[in-house]
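Participant: Chains as they are written, first to last, in numbering that gives the first Met the number 0: chain B, 0 to 284; chain S, 0 to 282; chain D, 0 to 281.
Calculated directly from the structure, the hints in this document are not laboratory data. The beta carbon of each residue, even a glycine, is placed where N, CA and C say it ideally should be.
Cβ-Cβ distance ranges computed for the label pairs, FRET-style:
1. A79/S x R29/B: 42 to 50 Å
2. A232/B x P10/D: 45 to 53 Å
3. S170/D x E190/B: 29 to 37 Å
4. D98/S x S140/B: 47 to 55 Å
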Amino acid sequence: MNDNARATQEAVITADGVSFSYRSGEYVSRGVREINLEVMRGEFLVILGRNGSGKSTLAKLLNGFLVPDTGKVTVLGTDTSDDDKVYEVRSKVGMVFQNPDNQMVASVIENDVAFGPENLGIPREEIEKRVTAALEIVGMSEYRKGSPNKLSGGQKQRIAIAAILAMLPEVVILDESTAMLDPKGRREIMETVLKLNREKGMTVVLITHYMDEAIEADRIFVMNDGEIVSSGAPREVFADAESLKAAGLELPAASRISLKLAEAGYDVPFAITDEELADSVCRLK
Amino acid sequence: MQIKIENLSYVYSPRTPFEKTALKDISFTVNEGDTMGIVGATGSGKSTLSRHLNALIRIQSGRIMLGDADLSQRKVDLKAVRKKVGMLFQFPEYQLFADTVRKDVAFGPMNFGINDAEASAAAAEALSLVGLDIAEVGDKSPFELSGGQMRRVAIAGVIASKPEVLVLDEPTAGLDPAGKREILELVKKLKSSFVKTVIIVSHNMDEIAEYCNRVAVLDEGRLIADTTPDGLFNHSDVVDNTELDYPHTVKIKRKLAKRGFVVDSPALNVEQLTEGILGRLAE
Amino acid sequence: MKDVTLGQYYPGESFTHKMDARAKLVLVIAFIVMVFLAKNFLSYIAVMLCVIGAVLVSRIPVSKMLKSIKAIIMILIFTGLLNLMFYNGETVYWSWWRFNVSLEGIIFSVKMVLRLVLLVMGTTLLTFTTTPTGITDGMESLMTPLKYIKVPVHDIAVIMSIALRFIPILSEEVDKIMMAQKARGASFDTGGLVSRAKALLPILIPLFVSAFRRADELAMALDARCYNATPNRTRYQVMKFGWRDLLGALGTAAFVVLVVALNNNFWGAYRAVESVWWLFAV
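Required output: the full structure, derived from the provided sequences and hints.
Facilitator: As structure tokens, this is what we get:
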């Protein structure tokens, strides 16, 4: 699983003792508390958590949308609370959101992809190249001149990814970008994300509540109630079934079956993928 | 109450250049007590079909019998039909509107013509069925609640009129795994109340496999299968010939079979597949 | 609701599609002036020819164009009837209470309906052949002089573009909310004015809540795309006047001249056509 040689020891984003809570008048709701994490260049990092666990708040802290109450977030050495560097941070840490319809500004796909680079003042010829390359990566080149209205959810979300890629970010954060999609759409996004990370070396942070999307991650952070409750490689994190259950998450089917078989007295190691499970079951026969 | 659909066809904008066929000659019967899944790719006609069931779309050709009521008749009593067939749309929390949860849930019953006191009682009952306490949330604004709670309120709003049939369009879309399970368990529980028949429109084959006893497959407006989940996923090639997917556990079963480990179980959920594997290992 | 075609782009590679958005905007204005200039049937025929020509050049399917007329069919019928009934003509064919149907009334109402049809076709042709981004970019460019009196021209353009993008999304949403409330027994077409207005609340409130939620997310998405990062924003879509625009302008000018001439007499029109012909020949 952790065959990604691209993950380096260079931190692109660092969160150091970060706490944040939402305030509106008297009302204070808990966001996140005492978060420490580093996003390494080239890695595929997954932040797992149920709805309301604080994972989206964390995502918005990582690209400077929110500024910590205490602690510090730095992106490539820049403190996100530095008002003069807001756009620098945002262009380095691209973010894709949940609802594909609510992040498109233009009615023609290529214009939507071009919107970010235009805002950054990139010369026209360069934008042209970037649009072509970005649509190519997400496999949507043939829709370039089309309208987003007729696309499926998965396709729209791929356009949203392309629109971020066209700004040439160092990190792409997907903030629950698969939550509203059907299984096919989810698959499309996961394939795109893996391609980005494995083939293009892009640093990817995926925020999700689906554990099966975390299987291919280099590292996982599990959030519950505003705190990081466990972290590590998928196998280590998945093996701690109790704390996952407490965090309201559900193990992939293969893991659950391997646990049940082990419980029944068979020598089946903990599996996280279907292949592993199939291999170990076939060995028994 | 039985729902009998006979030769139902539907065309959008008929006799114009923009004509689009949504349903072609569909016939099947949903029996009282069924939990029926309706599956198919986007644009296969699932929504058009489900919207026919409580007369949100007028029948163009064919017939739907709702018990004794013939929906294709001009003079059919729309309110009576809609009271009998509750319909939960996708992301139902986006249709909440009233200033209190109590009023929102009572909206349906009031429309169906019962008095305030009765509607309020119906709202309390519906809220308790979905696991919410009217004393606690009744006077709150629905927009103050968490996402999961809002969805429950929306479901309460539909079941408050005590429908015999409940049609659910992607009831778990956008929820986290725990939320999904809660909603599906809730639907299961509802079946031991006044709700006798459930129809679930879904893309999620895991849910269909686990919760439905029957499943209908639509493809480009045609009914191409009317069977059980076992029949669809284990004994037909319908899935391979459409854009549909196998349930995760059936995928594992097929992987095992490819490696020569044949499991004799429908494998429609983790328990069934585990039992199947254990049975095979014990041989 | 799904039949809303006004403001929908129809992708294509035709002559008209390739014209500069600014040119098309100006020409549509010229066209509107032309429609209002037309007085007699001959000049109306000229305007119709202009529209037919423009449709042919744009390669928009005639069915698509008709759909845009279908969208305003009620307005057309209403306008037609109203003018027919209330026009005070001399040659009265039929009369009852305050209603008079006269020859002049018939002619007038046909003209009015024709005028509306032509206006809708002309403007729809613009929105069919020009991407909403093109239209907003074009408007922005035409409004550039306003920048000097501190009008936030670019922000206006982005707002228009977003509005255009969300019209189909929100209209679909209204459809869905209406269905959902109908399923809960709501009815929108019974009762008096007050109860009907009240019945709209279950649609309006969810719609506004949704619009605000979308706006919130959209604002974040704009931030994520570094909106307003630099005053030196660049443009992906370059606008250049070309031979097509020149040709379009000349064609439209010719029709304007033709309409004016036909308003006076046929021979004047002949001479006008002849002179335009010469212009092209030269």
